[in-house]
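Chemist: Heads up: the sequence lines are chains A and B, in that order.
Under my numbering, the first sequence is numbered contiguously, ending at residue 82.
Under my numbering, the second sequence is numbered contiguously, ending at residue 187.
Bear in mind the hints are in silico, worked out from the structure with no lab data behind them.
Virtual Cβ for every residue (Gly too), placed ideally from N, Cα, C.
Some hints could be false.
As the list claims (entries may be wrong) - Chain A is faced by these chain B residues, among others (derived, beta-carbon under 7 Å): (1) Lys64; (2) Leu84; (3) Pro88; (4) Ser91; (5) Arg136; (6) Gly139; (7) Glu145; (8) Pro177; (9) Thr185.
As the list claims (entries may be wrong) - Okay, derived cross-link-like pairs now, EDC-like style, lysine to aspartate or glutamate, Cα gap no bigger than 20 Å in a straight line: (10) B:Lys64 with B:Glu104; (11) A:Lys48 with A:Glu30; (12) B:Lys51 with B:Glu78; (13) A:Lys48 with B:Asp114; (14) B:Lys64 with A:Glu30; (15) A:Lys56 with A:Asp44.
Claimed, not checked - Simulated restraints on C-beta separations: (16) A:Ile69 with B:Pro177: 19 to 25 Å; (17) A:Ala28 with B:Pro62: 18 to 24 Å; (18) B:Gly128 with A:Ala28: 18 to 24 Å; (19) A:Glu64 with B:Gly128: 19 to 25 Å; (20) A:Pro43 with B:Ala109: 35 to 41 Å; (21) B:Thr60 with A:His31: 38 to 44 Å; (22) A:Ala28 with B:Glu129: 39 to 45 Å; (23) B:Gly158 with A:Pro82: 43 to 49 Å; (24) B:Ser45 with A:Ala80: 41 to 47 Å; (25) B:Gly128 with A:Pro82: 23 to 29 Å.
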Amino acid sequence: MAFANEHITAYAVEATEFPDLARKYRVNGVPKTVVNDQIEIMGGIPQDDFVQQALALP
Amino acid sequence: MSLLSPADQEKLRESFDEMTSPVKVLFFTQTLDCEPCEQTRRILDELPALSDKIAIEEVNFILEKETAAQYGIDRVPALALVVQGAAGEARDTRMRFLGTPAGYEFVSLVQALMLAGGHASSLTPENRARVDAVTTPTTIQVFSTPT
Numbered sequence: 025m026a027f028a029n030e031h032i033t034a035y036a037v038e039a040t041e042f043p044d045l046a047r048k049y050r051v052n053g054v055p056k057t058v059v060n061d062q063i064e065i066m067g068g069i070p071q072d073d074f075v076q077q078a079l080a081l082p
Numbered sequence: 041m042s043l044l045s046p047a048d049q050e051k052l053r054e055s056f057d058e059m060t061s062p063v064k065v066l067f068f069t070q071t072l073d074c075e076p077c078e079q080t081r082r083i084l085d086e087l088p089a090l091s092d093k094i095a096i097e098e099v100n101f102i103l104e105k106e107t108a109a110q111y112g113i114d115r116v117p118a119l120a121l122v123v124q125g126a127a128g129e130a131r132d133t134r135m136r137f138l139g140t141p142a143g144y145e146f147v148s149l150v151q152a153l154m155l156a157g158g159h160a161s162s163l164t165p166e167n168r169a170r171v172d173a174v175t176t177p178t179t180i181q182v183f184s185t186p187t
């Protein structure tokens, strides 16, 4: 998604090495995705669902 | 000694063979008090031997604050993938890795390298259109663990 659109930046974060981030974003399980500090997506989900949820599309 | 088995090296070589353009990994690191930086270095050291399309460039996180800020890197070890623009300039792919790229993160790194190197995106045309429609700054963080 980041590669496709210059407005999007993607970080893959190793949660155990950065407990401060894991705490801040309440990472209790992985994978967990956080978009703009607001949207949370738990687990691995189908691409259609992921894109729609991450971009807050109806 | 390689961290990768000969079979894994061969598989990676085949995957990286599908890359058509060069990718540079900016490796943000520091020499003191950073054991994960050393682990990351050992992993990254394996990559250029597997593909002539992959280069590693070390960035001193302590001394090169401006570069770190430019790529939104506020901790190490961290990776930023860049490719060559039309005029030969470095073009940011906005794909970053924070922490040691081992285990599942390594798989993600391989996929990111291939995508940056010209491999087809896995986005369906419908999702590509949804992504193309984004016009506001969007930061996606994906948390995972090594296993």
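Chemist: Decide, hint by hint, whether the structure agrees.
Modeler: Hint by hint, here is what the structure shows:
The closest approach between the C-beta of Lys64 of chain B and any C-beta of chain A is roughly 15 Å, which is over the 7 Å cut-off, so the hint fails. Checking Leu84 of chain B against chain A by beta carbon gives a least distance of about 14 Å; that is not within 7 Å, so the hint is violated. Interface restraint check: Pro88 of chain B against chain A, minimum CB-CB distance 21 Å, threshold 7 Å, status violated. The beta carbon of Ser91 of chain B comes no nearer than 18 Å to any beta carbon in chain A, farther than 7 Å, and the hint placing it at the interface is violated.
Checking Arg136 of chain B against chain A: minimum C-beta separation of about 5 Å stays under 7 Å; hint holds. Look at Gly139 of chain B: its Cβ gets to within about 3 Å of chain A, closer than 7 Å, so that hint holds up. At a threshold of 7 Å, the smallest CB-CB gap from Glu145 of chain B to chain A is about 6 Å, leaving the interface hint in force. Contact between Pro177 of chain B and chain A, as hinted, is supported at the beta carbon level, the nearest pair being about 6 Å apart and thus within 7 Å.
A least Cβ separation of about 5 Å between Thr185 of chain B and chain A falls short of the 7 Å threshold, and the interface hint therefore holds. A distance of roughly 17 Å separates the Cα atoms of Lys64 of chain B and Glu104 of chain B; the hinted pair therefore holds under the 20 Å criterion. Under the criterion of a C-alpha separation no larger than 20 Å, the hint pairing Lys48 of chain A with Glu30 of chain A is inconsistent with the structure, at around 26 Å. Straight-line distance between C-alpha atoms of Lys51 of chain B and Glu78 of chain B comes to about 25 Å, which puts the hinted pair past the 20 Å bound.
Proposed proximity of Lys48 of chain A and Asp114 of chain B is supported: the alpha carbons are some 15 Å apart, at most 20 Å. Proximity of Lys64 of chain B to Glu30 of chain A is assessed by CA-CA distance (about 18 Å); at most 20 Å being required, the pair is judged to hold. In summary, the hint linking Lys56 of chain A to Asp44 of chain A is supported, as the alpha carbons are separated by about 15 Å, within the 20 Å threshold. Distance hint check: the CB atoms of Ile69 of chain A and Pro177 of chain B are about 24 Å apart, consistent with the given range 19 to 25 Å.
Ala28 of chain A and Pro62 of chain B have their C-beta atoms about 20 Å apart, which keeps the hinted 18 to 24 Å range intact. Range check, Gly128 of chain B to Ala28 of chain A: about 22 Å between beta-carbon atoms, so the 18 to 24 Å window is met. The hinted range of 19 to 25 Å is not satisfied by Glu64 of chain A and Gly128 of chain B, whose Cβ atoms lie roughly 40 Å apart. Here the CB-CB span from Pro43 of chain A to Ala109 of chain B is close to 23 Å, at odds with the stated 35 to 41 Å.
Look at Thr60 of chain B against His31 of chain A: about 25 Å separates their beta carbons, and that is not inside 38 to 44 Å. Range check, Ala28 of chain A to Glu129 of chain B: about 20 Å between beta-carbon atoms, so the 39 to 45 Å window is missed. For Gly158 of chain B and Pro82 of chain A, the hinted distance range of 43 to 49 Å is not satisfied, since their beta carbons lie about 34 Å from each other. Between Ser45 of chain B and Ala80 of chain A the beta carbons are some 43 Å apart, a value that agrees with the proposed interval 41 to 47 Å.
Between Gly128 of chain B and Pro82 of chain A the beta carbons are some 42 Å apart, a value that contradicts the proposed interval 23 to 29 Å.
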